[in-house]
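> Chain by chain, the residues:
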Amino acid sequence: MKIPCPLCGARDSREFSYLGHAGLLDRPAPDAGDAAWDDYLHNRDNPAGVTEDLWSHDYGCAAWVVVTRNTATHGILSSRLAKDGAA
Amino acid sequence: MVKLTPTDPCADLLPVEHGHAVLRAVAPTDMWLVAPYNGKAKAAAKAAQKLVGQGWPDPGQGALSDGRGLLFFGHAHALLVGVAPSKDLMKSAAVTDQSDAWAVVDLSGDAARDVLARVTPLDVRPAAFGPGQCARCDIAHMQGAIVCLAPQQFRLMVFRSMAKTLVHDVTVAMESVAALGKTA
Amino acid sequence: MAFSALRVLKEGLTGNSGWTPHWRDPAPKDEYDVVIIGGGGHGLATAYYLAKDHGITNVAVLEKGWIGGGNVGRNTTIVRANYMMPGNSEFYSHSLKLWEGLEQDLNYNVMHSQRGQITLFNSDGARDAAMRRANAVINQGDDAELLSVGQLKKTLPYLDYDQTRFPIYGGMLYRRAGTARHDAVAWGLARGADRRGVDIIQNCEVTGIDTQGGVVQGVQTSRGPIRAKKVAIVVAGRSAQVAAMAGMRLPIESHVLQAFVTEGLKPCIDHVVSYGMLGHFYISQSDKGGLVFGGNLDGYASYAARGNLPMAEHVCEAAMTLMPMIGRAKMLRSWGGIMDMSSDGSPIIDKTHIDGLYFNGGWCYGGFKAIPASGNCYAHLIAQDRPHPAGAGFRLDRFATGRGLMDEEGTGSQHNLH
Amino acid sequence: MRVAGFGHAVDTAQPVSFTFDGKRFSGGQGDTLASALLANDVRLVGRSFKYHRARGIVTTGSEEPNALVTLTRGAAVTPNTRATMQPIYQDMAANSQNAWPSRAFDLLAANDLLSPFLGAGFYYKTFMWPQSFWEKVYEPLIRRAAGLGALDPTYDGTRFEKAYAHCDVLVIGAGPAGLMAAWTLGQAGLDVILADEHDTLGGRLLLESETINHTPGHIWAAEMAEKLHAMDTVRIMANTTVTGAYDQGDFGALQRNDAHLANPDATLPTETFWRIATRGAVLCAGAGERHIAFPDNDRPGVMLAGAVRGYLNKYGVAAGARVAVFANNDNAHQTALDLAAAGQAVTVLDSRSDAVAQGDYNLLAGAQVVGTSGRQGLRKITFTQNGQTRSMACDCLGISGGWNPMVHLTCHMNGRPTWDENLASFVPTPGSVPGMVVAGSAAGVMATGAVLADAVQVASDLARDLGASVQTPILPSTEDRPTGIKPLWEVRGHGRAWLDFQNDVTTKDVRLAAQENFRSVEHMKRYTTQGMAPDQGKLSNVLALSVLADATGRGIPETGTTTFRPPYAPVSIAALGAGGHGKGFAPERFTTSHAASVAANAPMIEAGFWYRPSYFPQPGERTWRDSCDREVAMVRGAVGVCDVSTLGKIDIQGPDAGAFLDLVYTGRFSTLKVGKVKYGLMLREDGFVLDDGTTARLGPQHFVMTTTTAAAGQVMRHLEFVHQCLRPDLDVSFASVTEHWAQFAVAGPKARNLLHLVVDGSVTDDIFPFMGCGAVSIGGVNARLFRISFSGEHAYELAVPARFGASLFDHLLRAAETLGGGPYGMEALNVLRIEKGFITHAEIDGRVTADDLGLARMVSGAKDCIGKTAAGRPGLVEDGRQQLVGLRPVGTVKKILAGAHLFNPGDDVHRTTDQGHITSACYSPSVGSSLALGFLKNGRARVGETVVMVEHLNGITATLEVCDPVFFDPDGGRMRG
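Chains as they are written, first to last, in my numbering: chain A, 1 to 87; chain B, 88 to 271; chain C, 272 to 689; chain D, 690 to 1666.
Hints in this document: simulated from the structure, not taken from any laboratory. Since we're looking at a predicted model, the values are computed, not measured. It is possible that part of the hints are untrue.
[Stated by the list, open to error] Taking lysine-lysine pairs in the DSS-like style, the calculated list, with each CA pair at most 30 Å apart, reads:
1. K424(C) - K537(C)
2. K1197(D) - K335(C)
3. K90(B) - K1626(D)
4. K129(B) - K83(A)
5. K1272(D) - K2(A)
6. K1552(D) - K1365(D)
7. K825(D) - K424(C)
8. K1362(D) - K174(B)
9. K251(B) - K1272(D)
10. K90(B) - K269(B)
11. K269(B) - K1557(D)
12. K1365(D) - K424(C)
13. K1626(D) - K1583(D)
14. K425(C) - K1362(D)
15. K83(A) - K90(B)
[Stated by the list, open to error] A short list of chain C residues far from chain A (calculated; beta carbon distances all over 10 Å):
16. L418
17. K424
18. N474
19. G495
20. C539
21. P660
Cβ coordinates follow ideal geometry from the N, Cα and C atoms, glycine included.
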């Protein structure tokens, strides 16, 4: 499996660690309420299809990368740096 | 006053040679991580240009000449090699001394790329990874960096504490490549 | 037809012509008291216990493909009860006791073999953690024994005690742990449920859940609508998709877990052996002689039911440092299952916001051993609308409230770390 | 027997001697074990899995189901080696498997007589009474009888390796299609890897007599191989089986490097497991012949028709003296033609009544074999033709039920093949593996001329897709042989007809499965074990499917197919796990003081990937406790030195560094003064404690954070996450400096005296008050000094660039000695911190809150931080949580053990009465008693109460008093003073 790092190019997935859905970029405000925080921390759409998730290029440039990926086929559609914000 | 004497993580282990590959220790030199502050990338590049004669490296780029250079070293960093940062550079970038943080070895010879293929998933075909290129990558399960110095010469870096593992794993690969060469 | 050695003998002498289907293939009825969505191990066990313990037999198990085709048919078959967190501890203890009577109960040999599991530890800290767990297991009423390195050398002589990267400090022996023939569990439960009147309906995909005024009415399926007083979701691996039909968003992320088996070999590994350095490695030898082994999740969200090489290699590297003698064994097959990874690594058996709709899922990769108790507790909840005491901890709201989290690994809310 | 004038691959002038089951034989250079055994008329090579039936060689390739042997070479014992793939070498020792006492007389062959009772799934129906007999009696019997070869319980130390390769196109298989495809792609300038599982390129051309460009196919193949060798763009990997297709163009492949060598060099890897990354792939895996199910079709001497002529053409071996062929297709007739050329008269029984002879041999059209005899090898076949049943003496029967395209790799990513009615086979479904195309027989193209044309076409299209320009080659001329086929799967009759030779699955088993409602193909497979043997059903799956289709009254396409999963051919664990043996499982990390610690006889223990000294034994000390107690007393009484370099150290710089730290730590760091250090607690976003450590402010925009050894990597990733993903606007950057600095704790009342012996200038309370930090120099070397304490003593941590670490450690020890001090190890460090109630990851186990640890005061109320909101969830703040406490013995206590649980005095010991557990325990020489830290329900409110510790595994029960976790110097005077 290859992950396309926006900086380093396609690299073996063993250089990366996986965190979870890219919704983790949208941290709720402290006062956003219990439901918002529960959703952020725990609940997931968990689609059998295209999703966006977060990978860290640990063994490479240490960038956090948002990967648009199909969970049913493992096909990868695109990637971008997490620090560049939403697509 | 006490006198501190330096030690080198690889010096006792090297050089080794098997078949058409040689692994040598690299003498310690200045190595500094450089991270430009927000909005200071141009100034940092200019300061670096003065120091090493080359601009800010693009991702995957980095060359050394006369032991000096600036290597792409991560999403936020370049590695300044062979010279300490100037005041100018420090005004525009955070700098961190890493001169002692790395075990640094040079792998060279006709079999060097075959040896590398046994320790890193990086594409090291000549067309994909030639002189002037530098990669942060997995080296034998370690966070490392590889710089292509010449078509058959590579600088390998892993954190200092893992020098022994680096030398061991590369040496085993060199032996294997040499033995395979004999049967081919 | 009851199975017995005598029956096997009689049929053998008469050309084996008298064997009948292990379960029927009925057409779906218009209405059931309970519709169970999912014909995996847990769904079939739920049906079985609804019929057996609660006398509820007007039940349909709806299976999209063929029964037992999900994780019950693709796992490393380990059955154990060494959980320490309140909620888990009593549940898996309950499950192990059900396993111990399951074959006679079902009249089906699922080859449950209590060959013992030895979990190794490789540091003082890991030993302390293993002791904490083992003491919890004993406090629950089950058993555990501490093995010194000397004892291990006698019991597991094939481990590398001298050169391995992380020296072996000792092991914990759970004698009642072991393995079972995974497919037979699904088939035996199906046969048991079927004999009590449950309709097992294969190739029947649920496409919608009908509700009215917050009360469940039935389901839409690829074979037409089916009315039901109660609907029970138990589709681990596809929980998100089915729960979404009822407007639910779950604390679950689906991941791939690979497993591996070698060619058949003469007996060499008697126990289940597990090892916890740099992820997991666990191994046992099947009755056919194949070494069955596995490790951690690949780590990325996936529904592909297959994995990639890095984890396969890592698991084999663990094998080589721990028990290098198996190096000459050849991996014959690898496969992947879809794991419902919950936010604390423990499952959910609960009511939902819709009256009459129940949810069972989030089994992470501990689902196989849980099958009897999961079915038993879920059936109890469905039949009586209150949780079985052994399964009362598996509440859906524990993540929001933080009450009764069961984070066995201490890795927090990140789904793929459990 | 050997046939003169045939066998281009074998040089009989170079005899090679080997043993099989201890008996010596001779073969020629180039023989496989299988061809050499057949040349010596050895037909019985092993026993089947369940019924222990006599079994012989069936194929010429890796799909071989029967001829699995155990090889012994030096210390290396390799079970389940395919005799068909194993070259012979001088003095090779091979043994048959699964037979006792011998392969000719196997006691368990008695199982065969019991077969009416041992059909599919019999074990699910019995062995249940009495309950305890399963583990004790039945299962051990079954286990002993099952299995094939045996592992040697000792590790032989042979080297295996793994490697990566990268290319533009991977061509899988070097038969006619693969050779042509590789040539086309190489000419187009693409980087090509051509992998083939045999030692010589050519595929079936090596086994056939047909010509290309009017020269024998094997010579054309050799010429092509030479051309490819000469191309810079093509890399040839012989002896390499592509084992799996994975995501984004990754393939696994196993290369055998030394199978042909009698005494390989110790540094030569036996096998290389390749991870091949490619942009595109062409599957040219060819097709595999299948057999036909008829009664007693499993005797030694019954082989695939293609294998019979393959052994003649490639190895110059006649597989029998009297050969017959039973087939449903034209292709199999070639066996008769080839054997006729070698002077053997062959009878072809063709099930098609309209079959036409293609040459001078005896053809029985419309004939079917209905039985065979011969206990240890085929002697006679019985067949029907025109309603008559007759027999024929023969010792070799070549069967052909047609050819299956080798679709396996196309299924590795969940693709399912498509049924092709004309071919009576499954063919690959296009697009099953992204980037992989299929050419030649693997795609269902059977005649050689068409195969070559297809390969050129497919390769050219792929090359153009990859942006290369293609020169269309001139296709060589071929002799196209007929490929007509009419499906025949099963000949029903008396007796058992085998599908899966290895797992002993017969047509009866499949029919029984269907009868018992295992009608889905997956159910049938699992109920009967069809296709689950080492050949993974390559030979028999399609056949089994047809029987199931017949039994359930469905067509084959509706019946479906089971999937094929990696690996295509079995891969040794030693290859996949190469490098993992011994210390290779993980990198080893050594501190700069490692050599000195080892020289001081300190046992080194693993701490993550690091090694740290456990204790430093002195003469006269008998146990670790003796040393540990002394080291603790030394630190409390004089001064100790400990290498703490393994703790994570992260340089944090930038104008927003303070603001960033405020976000990741519970406390406020933006207001920390330059030259000061502060203890910090870090939460996960779910509110539980992630890690702790100190952070020092070295400059207005410059901090250095320490983490625990265990969490260093995790914390670094966390910081990057918080910055890049949550607050990319903050101007801050992180650099790990763990490895740049060697850092040593200097602790004890004489710590400052020691520093004065080492550091240039003086260290005063003014400059270095408690929790102060700053630059110092040591012999002119710039160093950092932090006045922090993990021991509760007046203590410092002194950091120098790592190159000077060994030297500084040496100086520190020598200076310490003059003060009555010395080094201390992990055991003493642990005791010192327990005495002070300082926490480690024994306490921070991922399930505790700041409040559980008694550190709620460290969570700033005035600002947000990671984890703060979730830490406010009711379950994390309610009464009844377990809180950190100290525990000390009441009266005499044998031992306090971490991992023990706590109960109220008088309560039954049970899960439901559990009050908590012990996390850390030690004997404290400073306090003079055993001590422990633990978590206790509502613990802080229970100081002074007694609890009972119960530790079942060692059988220890003790009464303990609950106390404050700080046992020693509770007001911290020693640390500050």
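> Evaluate each hint against the coordinates.
Hints, verified against the model:
1. K424(C) - K537(C): Since the Cα atoms of K424(C) and K537(C) sit roughly 21 Å apart, the hinted pair holds (cutoff 30 Å).
2. K1197(D) - K335(C): holds (29 Å)
3. K90(B) - K1626(D): Violated. K90(B) to K1626(D) sits at ~54 Å, over the 30 Å cutoff.
4. K129(B) - K83(A): holds (20 Å)
5. K1272(D) - K2(A): holds (28 Å)
6. K1552(D) - K1365(D): Holds, at about 21 Å.
7. K825(D) - K424(C): holds (23 Å)
8. K1362(D) - K174(B): holds (24 Å)
9. K251(B) - K1272(D): At roughly 11 Å apart (the allowed maximum being 30 Å), K1272(D) and K251(B) satisfy the hint.
10. K90(B) - K269(B): violated (50 Å)
11. K269(B) - K1557(D): Violated - the C-alpha atoms of K1557(D) and K269(B) are around 63 Å apart, more than 30 Å.
12. K1365(D) - K424(C): This hinted pair is violated, its Cα atoms lying about 52 Å apart.
13. K1626(D) - K1583(D): Measuring from Cα to Cα gives roughly 24 Å; hence the hint holds.
14. K425(C) - K1362(D): Roughly 60 Å between the alpha carbons, so the hint for K425(C) and K1362(D) is violated.
15. K83(A) - K90(B): violated (46 Å)
16. L418: holds (34 Å)
17. K424: K424(C) clear of chain A: closest Cβ-Cβ about 34 Å, beyond 10 Å.
18. N474: holds (19 Å)
19. G495: holds (24 Å)
20. C539: holds (30 Å)
21. P660: Since the minimum Cβ distance to chain A is about 25 Å, P660(C) lies beyond 10 Å and the statement holds.
The earlier numbered hints that this structure contradicts are 3, 10, 11, 12, 14 and 15.
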